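Trainee: Letter by letter, the chains look like this.
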Amino acid sequence: MAGFREATGDLRIENVTKEFGDFTAVDDLTLSVPRGSFFALLGPSGCGKTTTLRMVAGLEQPTRGRILIGDTDLTGSRPYERPVNTVFQSYALFPHLTVRDNVAFGPKRRGQKDATRMADEALELVQLPHLAARKPAQLSGGQQQRVAVARALVNRPEVLLLDEPLGALDLKLRRQMQVELKRIQTEVGLTFIHVTHDQEEAMTMADTVAVMNHGRIEQMGPPAQMYDLPKTAFVANFVGQSNLGHGRITGRDGDFFVADVHGSTVKIPAARSAVDSGDILFGVRPEKVHLARDSHDVIDRTRKVALGDDMKATVVDVSFIGVATQYLVQVASGATWSVYEQNLDVDPIDLKPGDPVWIEWDPAHAFAVAAEGAEIPAGPVLGDPVDMPRDTVS
Amino acid sequence: MSALAHIGAGQGAPAGPDTAKRGSWMPYLLLLPGMLWLIVFFVVPLVQLFTVSLQSKFPGYPGYYYRDLNFKNYWSALTEFAPHFGRSLLFAGLATFFAFCLAYPLAYAMAFKAGRWRGLMMICIIAPFFTSFILRTIAWRQILADEGPVAKTLNFLHVLPGGHITETWMAVVAGLTYNFLPFMVLPIYASLERADPRIIEAGGDLYANGFTTFRTVTLPMSMPGVLAGTLLTFIPAAGDYVNAELLGSDRSTKMVGNVIESQFFKVPGGYPTAAALSFTLMALILALVFVYVRKFGTEELL
Numbered sequence: 572m573a574g575f576r577e578a579t580g581d582l583r584i585e586n587v588t589k590e591f592g593d594f595t596a597v598d599d600l601t602l603s604v605p606r607g608s609f610f611a612l613l614g615p616s617g618c619g620k621t622t623t624l625r626m627v628a629g630l631e632q633p634t635r636g637r638i639l640i641g642d643t644d645l646t647g648s649r650p651y652e653r654p655v656n657t658v659f660q661s662y663a664l665f666p667h668l669t670v671r672d673n674v675a676f677g678p679k680r681r682g683q684k685d686a687t688r689m690a691d692e693a694l695e696l697v698q699l700p701h702l703a704a705r706k707p708a709q710l711s712g713g714q715q716q717r718v719a720v721a722r723a724l725v726n727r728p729e730v731l732l733l734d735e736p737l738g739a740l741d742l743k744l745r746r747q748m749q750v751e752l753k754r755i756q757t758e759v760g761l762t763f764i765h766v767t768h769d770q771e772e773a774m775t776m777a778d779t780v781a782v783m784n785h786g787r788i789e790q791m792g793p794p795a796q797m798y799d800l801p802k803t804a805f806v807a808n809f810v811g812q813s814n815l816g817h818g819r820i821t822g823r824d825g826d827f828f829v830a831d832v833h834g835s836t837v838k839i840p841a842a843r844s845a846v847d848s849g850d851i852l853f854g855v856r857p858e859k860v861h862l863a864r865d866s867h868d869v870i871d872r873t874r875k876v877a878l879g880d881d882m883k884a885t886v887v888d889v890s891f892i893g894v895a896t897q898y899l900v901q902v903a904s905g906a907t908w909s910v911y912e913q914n915l916d917v918d919p920i921d922l923k924p925g926d927p928v929w930i931e932w933d934p935a936h937a938f939a940v941a942a943e944g945a946e947i948p949a950g951p952v953l954g955d956p957v958d959m960p961r962d963t964v965s
Numbered sequence: 011m012s013a014l015a016h017i018g019a020g021q022g023a024p025a026g027p028d029t030a031k032r033g034s035w036m037p038y039l040l041l042l043p044g045m046l047w048l049i050v051f052f053v054v055p056l057v058q059l060f061t062v063s064l065q066s067k068f069p070g071y072p073g074y075y076y077r078d079l080n081f082k083n084y085w086s087a088l089t090e091f092a093p094h095f096g097r098s099l100l101f102a103g104l105a106t107f108f109a110f111c112l113a114y115p116l117a118y119a120m121a122f123k124a125g126r127w128r129g130l131m132m133i134c135i136i137a138p139f140f141t142s143f144i145l146r147t148i149a150w151r152q153i154l155a156d157e158g159p160v161a162k163t164l165n166f167l168h169v170l171p172g173g174h175i176t177e178t179w180m181a182v183v184a185g186l187t188y189n190f191l192p193f194m195v196l197p198i199y200a201s202l203e204r205a206d207p208r209i210i211e212a213g214g215d216l217y218a219n220g221f222t223t224f225r226t227v228t229l230p231m232s233m234p235g236v237l238a239g240t241l242l243t244f245i246p247a248a249g250d251y252v253n254a255e256l257l258g259s260d261r262s263t264k265m266v267g268n269v270i271e272s273q274f275f276k277v278p279g280g281y282p283t284a285a286a287l288s289f290t291l292m293a294l295i296l297a298l299v300f301v302y303v304r305k306f307g308t309e310e311l312l
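Protein chains in written order, with my numbering: chain C, 572 to 965; chain U, 11 to 312.
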């Protein structure tokens, strides 16, 4: 293979910018993905995640910056020169070739003598050896998806890129393939970079998740850590849901900041606040909030901190989800909060819209992010009734 | 029984069996006009032509025939006009080949590179149909004339054997290529345009360089279009006589279409020969197309 570049090591993206005319798709992105890890790029459509992936594949060239694997600079090289393979969103299987020939395509181009045997082994890995003689059009969506994975994996690339590979599958199959892909990744030990807009998919599969927005990485880290402590308002709402409210830090009480949110006094652990003074967006996850039917029902009083006026709320909506019930409640300031209660008991739902309740939470679960430039995506969870800069995020 | 039930049911009753019955003959009713047209203007003349091809001349009365099963007509037509058959197939084959060579890059550029110029290119390909086929062919006589730019340039370079283009096979093939080019471009364009660009990217992603990707992915994927284009070019070109008539010479470039035309309209007593030639040409093309589609057929492709 003339021009093919052997490279081993971590994938490094250094100060990469990609512009399409006036539009900056990827903005000065720097990223390092350790060899053998499962990395997810998460973000809404148009955030630059697919462009990033295509630049790693060589299907787009960065306007500025470098892309390296180990110490080999791959910037400017052609797709066929890179030890990188892609599983395309539409699978992009060759319609005129059989499943086996599709999978053997890569090895054949690289002059492997036993291309067919390698293809059969790869089909074994995705549990489809019995369909080797079929044409792609004769397969179901899930089977085509597996063939696409086998076709990329058979080459043992240094980095495997997955561009929303599960987007076209139905929910049940998607869950199944998530487990399957994770198993394959553990088995072959290659670096996987998975692009998705499905936060649940990213969190279930990846070791590390990077949330992208407007061509930049908002936050990066292990899924649990990111969910527990979002660093920006965007992450707080894109990764799971959050109750957010505009506020201002007014002082400090030991390990806690004291803040004023719509006239209520709240506490935030100092370690969980992205800012230490001025305007903030105060947040609590909906499942961390507890609903009490009356003020005497409040459990474990010692851990509770009052939210001032906002303690008291009115039920606006009750929706039964199955494992949980979601309540939308309106606090005194007018903000709507979301509360999840697990359906642990057999008791019927006793609350209905209009009922007065008290909301409470452990301040250890509260967090704060910078208010400046923050955007709260439209969705069922509304943190704030007042005029907020609200960008539409799909 | 059903008729009685019908009367008893009266108006507004569910007309289940009735609609089912109407549904069953409706398609035939819709087919009827087309079928009648084809029977009257295609099947009957075809049978008539076949009987003419087997007629014998009435001895002593030129221009008169009697019904016969004279298969010798075929034999004499084939032996006498074998060179014309050969030329028809050769010229049509050459024209198909050149049209393919011109059309594929054009269709490829339109499908993948043209961007906003695509509509304009499409108009340029289709616009010639707005003027007469005959006029456009006559125009080629000017283009290829001895005093025209093409012949002059080639003569200047001393690369034109004989010094002429018109009245040679080159002019005929050029005319055929030009006239049937759109029939090659459009199906190829349609098949390329339909292809998912990601599939072509996948070729590059799987270690195939540009040329290999074209050879192993793009070209095979566009085969249905290539197949349709070659058939749409070859079949009419093999039966064409206008190009040979207007651009060729009186002797050495006549195709079988010209012979059929002159046997029908110019040679007294030529009807059986012309009919036999028509039938042979049809059979020959059918056989060639059958073999070709069998060999390159791509019905398995989507």
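No wet-lab data here; the hints were simulated from the structure.
On a predicted model such as this, the values are computed, not experimentally measured, just so you know.
All C-beta atoms, glycine included, are put in the ideal place defined by N, C-alpha and C.
Treat each hint with caution, since some may be false.
Said to hold, decoys possible - Pairs of lysine to any residue residues, derived as SDA-like cross-links and limited to a Cα-Cα distance of at most 25 angstroms, are as follows:
{"id": "1", "chain 1": "C", "residue 1": "Lys-706", "chain 2": "U", "residue 2": "Lys-123"}
{"id": "2", "chain 1": "U", "residue 1": "Lys-123", "chain 2": "C", "residue 2": "Gly-647"}
{"id": "3", "chain 1": "C", "residue 1": "Lys-706", "chain 2": "U", "residue 2": "Arg-208"}
What the hints assert, rightly or not - Footprint (simulated), chain C over chain U, 3 or more residues, beta carbon under 8 angstroms:
{"id": "4", "segment": "197-209"}
{"id": "5", "segment": "216-226"}
{"id": "6", "segment": "250-256"}
As the list claims (entries may be wrong) - From chain C, some residues computed to sit far from chain U (all C-beta separations above 10 angstroms):
{"id": "7", "residue": "Pro-615"}
{"id": "8", "residue": "Gly-629"}
{"id": "9", "residue": "Gly-636"}
{"id": "10", "residue": "His-667"}
{"id": "11", "residue": "Arg-681"}
{"id": "12", "residue": "Ala-903"}
Trainee: Does each hint hold? Answer for all of them.
Mentor: Status of each hint after checking the structure:
Our distance criterion of 25 angstroms between C-alpha atoms is broken by Lys-706/C and Lys-123/U, whose separation comes to about 29 angstroms. Pair hint Lys-123/U plus Gly-647/C holds up; C-alpha atoms about 21 angstroms apart against a cutoff of 25 angstroms. A C-alpha spacing of about 18 angstroms is found between Lys-706/C and Arg-208/U, which places the hinted pair at or below 25 angstroms, so the restraint holds. Counting residues of the segment 197-209 of chain U whose beta-carbon sits less than 8 angstroms from any beta-carbon of chain C gives 3, enough to reach three: the coverage restraint holds.
For the segment 216-226 of chain U, the assignment as covered by chain C holds, since 6 residues bring a beta-carbon within under 8 angstroms of that chain's beta-carbons and 3 suffice. Coverage of the segment 250-256 of chain U by chain C is violated. Counting CB-CB distances below 8 angstroms, 0 residues qualify, and the rule asks for three or more. The beta carbon of Pro-615/C sits about 21 angstroms from the closest Cβ of chain U, which is more than 10 angstroms, so the claim that it is off the interface holds. Consistency note on Gly-629/C: stated as away from chain U, yet its beta-carbon is not over 10 angstroms from all of that chain's, at 8 angstroms minimum.
In this structure Gly-636/C is separated from chain U by more than 10 angstroms, as the shortest Cβ-Cβ distance comes to about 21 angstroms. With a closest Cβ-Cβ approach of about 4 angstroms to chain U, His-667/C is found to fall inside the 10 angstroms limit, against its non-interface label. For Arg-681/C, the condition that its CB be more than 10 angstroms from all CB atoms of chain U is violated, with the nearest at approximately 5 angstroms. Consistency note on Ala-903/C: stated as away from chain U, and its beta-carbon is indeed over 10 angstroms from all of that chain's, at 53 angstroms minimum.
Hint violations for this structure: numbers 1, 6, 8, 10 and 11, all remaining hints satisfied.
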